[in-house]
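Please construct the entire structure, taking both the sequences and the accompanying hints into account.
From first to last, the protein sequence lines are chains A and B.
With our numbering, you'll find the first sequence wraps up at 411, consecutive numbering, no jumps.
With our numbering, you'll find the second sequence wraps up at 411, consecutive numbering, no jumps.
Hints are computed from structural coordinates only; laboratory data are not their basis.
Yeah, the Cβ is synthetic: ideal placement off N, Cα and C, and Gly gets one too.
Careful: at least some of the hints might be erroneous.
Said to hold, decoys possible - What follows is a set of in silico ranges between Cβ atoms, one per label pair, in the way DEER data are often shown:
| id | chain 1 | residue 1 | chain 2 | residue 2 | range |
| --- | --- | --- | --- | --- | --- |
| 1 | B | R361 | A | R361 | 25 to 33 Å |
| 2 | B | K377 | A | D125 | 29 to 37 Å |
| 3 | A | E119 | B | N401 | 29 to 37 Å |
| 4 | A | G297 | B | A349 | 38 to 46 Å |
| 5 | B | Q240 | A | A32 | 24 to 32 Å |
| 6 | B | S272 | A | E119 | 24 to 32 Å |
There are 2 protein chains.
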Amino acid sequence: MKDFFTVTSLERVFDLLPQFPLVETEPLPIEAAQGRILAGEIRAEEDIPGFARSTMDGYAVRAASTFGASEANPAYLTLSGMVAMGESPRTPPLPLGHAMRISTGGMLPPGADSVVMLEYAAEIDATTLEIAKSVAPGTHVILKGEDVEKGRTVLLPGIKLRPQEIGLLAGLGIREVSVYRQPVVAILSTGDEIVPINAVPGPAEVRDMNSYSIGSQILEAGAVPLKMGIVRDNFEALRQTCQTALERSDMVILSGGSSVGMRDLTIEVLESLADSQILVHGIPISPGKPTILAKAGEKPIWGLPGHVTSAMVVFHRVVRPFIARISGMAPAAIFMERRICAKISRNIASAQGRTDFVRVRLKDEGDALWAEPILGKSGLIHTMVQADGLVEIDMNTEGLNKGAEVSVILL
Amino acid sequence: MKDFFTVTSLERVFDLLPQFPLVETEPLPIEAAQGRILAGEIRAEEDIPGFARSTMDGYAVRAASTFGASEANPAYLTLSGMVAMGESPRTPPLPLGHAMRISTGGMLPPGADSVVMLEYAAEIDATTLEIAKSVAPGTHVILKGEDVEKGRTVLLPGIKLRPQEIGLLAGLGIREVSVYRQPVVAILSTGDEIVPINAVPGPAEVRDMNSYSIGSQILEAGAVPLKMGIVRDNFEALRQTCQTALERSDMVILSGGSSVGMRDLTIEVLESLADSQILVHGIPISPGKPTILAKAGEKPIWGLPGHVTSAMVVFHRVVRPFIARISGMAPAAIFMERRICAKISRNIASAQGRTDFVRVRLKDEGDALWAEPILGKSGLIHTMVQADGLVEIDMNTEGLNKGAEVSVILL
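Quick look at the structure:
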């Protein structure tokens, strides 16, 4: 029996990220690429917009024609027609002292450099426009290329494509992009006491929650869960299933085995796999200390605790960045998880030398958002169901006093 | 021409939410229900766990057998076998002074009420156990029903199913749940200057970004986008497409028509639809003031501004709660959007009587997270691509001073 437990700090665990290669890329139509990680850089092959556009309803002018105009002392311009939407005004350059009616989004006629809003103009007769305000060149105009300039790099690889990036690609006429494919993450539950969810558990048995809660977390992380089912506490069975899982996936997660015997069995199995190496055996976090990370070939294999809540917390804080890594996400983006500020609603004790994750419920009370710790053992799923998030108490903090500002990781 | 513009405050707009009925429900296997809205309440038909379980590796005892035990003065118990995982110990009640070896997750033998951790016990010989610590009843034990009690309501309708709820359902042996179906939201772009993204725009034309950026936002909101394409600025064409869209969807979004003429056309078309009513014509927000909300039959129809950024902001802050509403989300959950705390990096002016949404980039600088305003006209997609979020400056605030605490809505 190996009793030693040389823990690896969370920072050191994340130092291992570059050891794992990225999945391949695939082309996707932009409407299917929402939420996917961009694989190549995108350059603008054209300007957006391709022409100077009005941003208001009004009159296109040379700004100089309006200089000095005011309500008390309006300028009078010659109205020489209107710009139709979507059409290029085929007119000679607009002379000084002239104006053309234009709608929002219309193309500025040649010679015009600005737009006077409808509100500051009055058509006196069919050819005379009164202007009660002077405008500077560029007023109410988006210039050609002002949004996106031709030749510029507009998107970098490794970013997650949000609706605005999809919109930008559409604007550039790019209908297909190269993105990383979604990694397949295999999940298997171990334990002689675990039965499938469609079975009626015997008196000492429990249903396989982890395949579902973790499977669901895998989905949420942008990967594809591959359920390998339940494996008995048996070297050959576990080894065989791990090998099959490795062949079919990009990452393998074993859950269960919180007992020392089961942990030892897991380690033995992981060590027996071809080209394998145990990288992490224990992390100073609570819950989640007995977490194992190994590498078989170039693929990560995790041993997560069996307690459903511990497994979920470890997945959220430790496994997810590795999924993001192999998904092609840029290193800076992996840890961009934004946290909510709140105040802790009661004193919380915490051991030094260990990072604690406290499940909390958020309560809006007037001006402050309070994070209310949810008490309960880490084997209890209901504590996660009640939780809105996790408060992380770092290893150098000895606990929190009521009212202390905390940042909450949303669950 | 209708120049009047009777704006409706954001609060009053949200008062209209209950006017729109929810979509129907559908049964789904739990592994497909991630992120969906639960339609019925879930009651536990059994206890979780179904038996008292050990949460540690150690020895099951009656606590009274350990009272007074310490390192200096250990207790000696009779070791009477071990509990196998997944098996119900078919033993007579454990007598005082006896112990059974047990692993994490194992079922407590009858009579036992607590577990002594491995670390505080030593097997002296095959039948003698030395115990160096006393335990209280219940120590290292999860009681039958302690996680979920049979008969209790565990999930309420209207919640979004997260991984922990999926895990709980699995634990209860519930393989299928009733959820609301995903609403279909039709999107159509209007404007004579708009061309499909696969076309090369003429000199005064632009590509249809909004169908893609808003289509992508619809997906992100948990609904199914239905692209109706581009419609000319023509009453009959717009009316016909609106009618088709209403027949095929649960909500219709028109984007474009930022010019007064186009807005008037949109209003005329909406008024011409069967059983229609204009509910909102203008909201005091920037960007997004010209937003229109109508009702045709029981379905909402939106007229969003044509500027890509304005349309996205209005979708995010105004349209999304309506999608959540018809998706079945509980009223309390609709506005549970959590915001990130940051400090604004420069002074920002804002008009009173209007809610301003300022696009910001987040920058972590040591201890503080700064929200850096992104300047640029609301027609520019690149400002949204650079943005991490929006800062909302409410209508009673006259602007923000550098360093002021702000809450950021993530984009």
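Hints, verified against the model:
1. The supplied range of 25 to 33 Å is met by B/R361 and A/R361, whose beta-carbon atoms lie about 31 Å from each other.
2. About 33 Å separates the C-beta atoms of B/K377 and A/D125, a value consistent with the hinted range of 29 to 37 Å.
3. For A/E119 and B/N401, the Cβ-Cβ distance of about 31 Å falls inside the hinted range of 29 to 37 Å, so the restraint holds.
4. The hinted window of 38 to 46 Å between A/G297 and B/A349 is violated, with their beta carbons roughly 58 Å apart.
5. B/Q240 and A/A32 have their C-beta atoms about 29 Å apart, which keeps the hinted 24 to 32 Å range intact.
6. Taking 24 to 32 Å as the suggested C-beta distance range, the pair B/S272 and A/E119 conforms, at roughly 29 Å.
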